[in-house]
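For this one, chain H is given, so just place chain D on it according to the hints.
Chains H and D, in that order, are what the protein sequence lines are.
The first sequence runs contiguously to residue 569 in our numbering.
The second sequence runs contiguously to residue 569 in our numbering.
Derived by calculation from the structure, the hints in this document are not laboratory data.
Since we're looking at a predicted model, the values are computed, not measured.
Misleading hints may appear alongside valid ones.
Copies of the same chain look alike in the list, so a pair counts if it works inside one copy or between any two.
Straight-line C-alpha distance at most 27 Å; calculated DSS-like pairs for lysine-lysine [stated by the list, open to error]:
# : residue 1 : residue 2
1 : K211      : K556
2 : K556      : K417
3 : K556      : K210
4 : K210      : K438
Number of protein chains: 2
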Amino acid sequence: MDIKTLAAQAKDAAIALAALNGSVKDKALDAVAEALLTNKEAIFAANQEDLARSEKEGLAAPLMKRLKFDDKKLNTVVAGIRDLTAMDDPVGVTQRATELDAGLTLYRVSCPIGVIGMIFESRPDALVQISSLCLKSGNAVLLKGGSEAKETNRALYTLIKEASEGAGLPAGWIQLLETRQDVAEMLGLDEYIDLIIPRGSNSFVRHIMDNSNIPVMGHADGICHVYVDQGADIAMAVDIAVDAKTQYVAVCNALETLLVHESIAKDYLPRMKEAMEAKGVELVGCEKTRAVIDVPAATKADWDTEYLSLKLSVKVVDSLETAIDHINRHGSGHTDSIVTPDEDAARRFLSLVDAANVFWNCSTRFSDGYVFGLGAEVGIATGKLHARGPVGMEGLLIYKYKLLGSGQTIEPYSTGEKHYTHRKLDGDCPV
Amino acid sequence: MDIKTLAAQAKDAAIALAALNGSVKDKALDAVAEALLTNKEAIFAANQEDLARSEKEGLAAPLMKRLKFDDKKLNTVVAGIRDLTAMDDPVGVTQRATELDAGLTLYRVSCPIGVIGMIFESRPDALVQISSLCLKSGNAVLLKGGSEAKETNRALYTLIKEASEGAGLPAGWIQLLETRQDVAEMLGLDEYIDLIIPRGSNSFVRHIMDNSNIPVMGHADGICHVYVDQGADIAMAVDIAVDAKTQYVAVCNALETLLVHESIAKDYLPRMKEAMEAKGVELVGCEKTRAVIDVPAATKADWDTEYLSLKLSVKVVDSLETAIDHINRHGSGHTDSIVTPDEDAARRFLSLVDAANVFWNCSTRFSDGYVFGLGAEVGIATGKLHARGPVGMEGLLIYKYKLLGSGQTIEPYSTGEKHYTHRKLDGDCPV
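Chain H extracted, bound-state conformation (with noise of 0.2 Å):
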């Protein structure tokens, strides 16, 4: 079938799904959940056939470790499904009512977006996460896995699509693309599609985002800094910038440049040089850097890379202002941290860096949804309006206005007969 005639069958569904009882959401989600785990070894045989083939393709290892899907990642999902059924239904809540007048009322209640595109990297779990998010908070969803994973993910559509249109969920909720031809459709679908959340390579993304009259929700640049001010502790500052950059470098938190101020330059830089030179990163910085260390002349390119390495740009600044305004002119609104001791400092620098995460003494590696509470993680945007920073269920919701009235019309109260009360009522929409 053609991606359109999928898309068109997702609105359908959404329309359903955005009404349906909570109840028949978790029986769905425990229905897929059980089918899961009833049928794990067709999963895990499809997974062999994808293992099979991406070694004969030479995948590295790292991402052959994140494409397996075996035991202890199917708990996890199952797991995580189960904290969803837990939970309450985030559809139809009551986040605001207004008496308007007597006898008329008004109500700002949660719902789904509607159908939400969500295109993800290798790992077939994400998968079953995302939907199982969707399901919950009503949403339909087209996803689009990593090509690696196809078998995998084709067994895990199957088992959910089946399990939970069994369980009462609208025909053609969820769907599945499986080629890059299908997500170039997929973006000029404005008629059927809301949210496109895309989740890749920066390059990817930002093809996505230029490309496509939808909304895009997600991040295409994680250009992180950290900023050590005067006065930092220096052990504090070197284990901060190093865990930030060495920790894990190939994620969207990780430590891009880091800033020094002036005053603290002479103490601090040879530390770090030591202790990241350890960790094998590479360092280039600024003259006033290489007035202190021997690291080679960054470019001005350096100022605006995302390495995703073991690579380090270091500048040292004059003021706190001077920090602040390179971060908003280089970085990329993901993450920046300032390590100072100086309450002042660090109020200045996070009313003013403009970021989604800003940090004061700890590590940019903390933005992450699951660290921050918010349960399973759709992405982290960039933008600024709906979400920023870690985007869990939360992101996935909107709301409608309901009013309910006994015959109102507005002309008495454009004459001035009648008047709006408007007051605050308590208590949910009763329909």
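Here is chain D on its own, set in the frame of chain H:
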């Protein structure tokens, strides 16, 4: 100065504005109110120029009325500014606090979006309302008003800029664009502008939405429906439809298509026709409608047309589900209302109709920020992200995550040596 330079200035100002103390913003608002009152003769003189030129150019009477800026309108906008200064600062509000571990606390704190591009219609009072809303919410703003009001807008803009910057607002936080060419340039400046809020004709708003990478909040169409269900009180259903269609025909929340359950069509349609025709409404209908009342046939295009005039399309449907399906296919997600005594039918309609505003037993004309008690309205959004329906100050805000640590690195949490506590906290972010 070119638009790019103005936008870059606004972006710099936005950073400073985001960190400004609430009392500075309130003092600036006071200064603006005083400046408007003190210089009212100059504003009125500028307005006379606009009125004289527009009269010569044959501007229609209702638009002349909107263009006029007199003592009454001045007092209204000044009262609006006083309302804003009486409000708490909406920026820097802690929305959520979570202890991640001892000495590592996460706060989600409200912040401005950044730089707003605001395009509005002929009323010069809108310039004052919008800029004071942006000021209070800490956003920089590029304003483009109707060209009929250009002298008045320039006078108001100059007074607001001088008074607010004199009271401590960062230079360049407010900018005035004057031509359509300025707007065209603005659409490409996604590096500096975070959100565009266009108001104006449908075709103009659609043009903006189709021609910018910058997120757009607003609506192009307002194809609103009233559905008269079986068992509806006939008099109530006539009153609501007539009010929704005729009380103000040129607005986006006016009725465009009336849907009627077939079981009530014979009783309802003749009385509806009589009442509509008494107000000068021209009806077109589907075949089933025309079997009951004598009206011209509706064409396929009628179901997708926002008339914004005294014309109404009427369709008889065989069920609530058919009505909902028609609305979801042909509506614009703005405002749709059901008239029914049946709570179950209302619940289904309000859940299944995918619109920002879903009403029960009242006129579609109630969808408005002032009516909803949101204070000043920046627009009505029919998108499904960030803000939906009438959008007040809240729509100009987003949040950032502030994480306050004491030297934490991720490594010990990754190895399992340390664990997250994820304890919900009360209290505000201290920095």
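Cross-check of the supplied hints:
When the C-alpha separation of K211 and K556 is checked against a cutoff of 27 Å, the pair qualifies only between copies, where the shortest distance is 22 Å, while the shortest distance within a copy is 62 Å. Only between protomers do K556 and K417 lie at most 27 Å apart by alpha-carbon distance; the minimum there is 22 Å, versus 73 Å within a single protomer. With identical chains, the CA atoms of K556 and K210 are at most 27 Å apart between copies only, with a shortest distance of 22 Å across copies and 65 Å within one. In this assembly of identical chains, the alpha carbons of K210 and K438 never lie at most 27 Å apart, being 46 Å within a copy and 57 Å across copies at closest.
Hint violations for this structure: number 4 only, all remaining hints satisfied.
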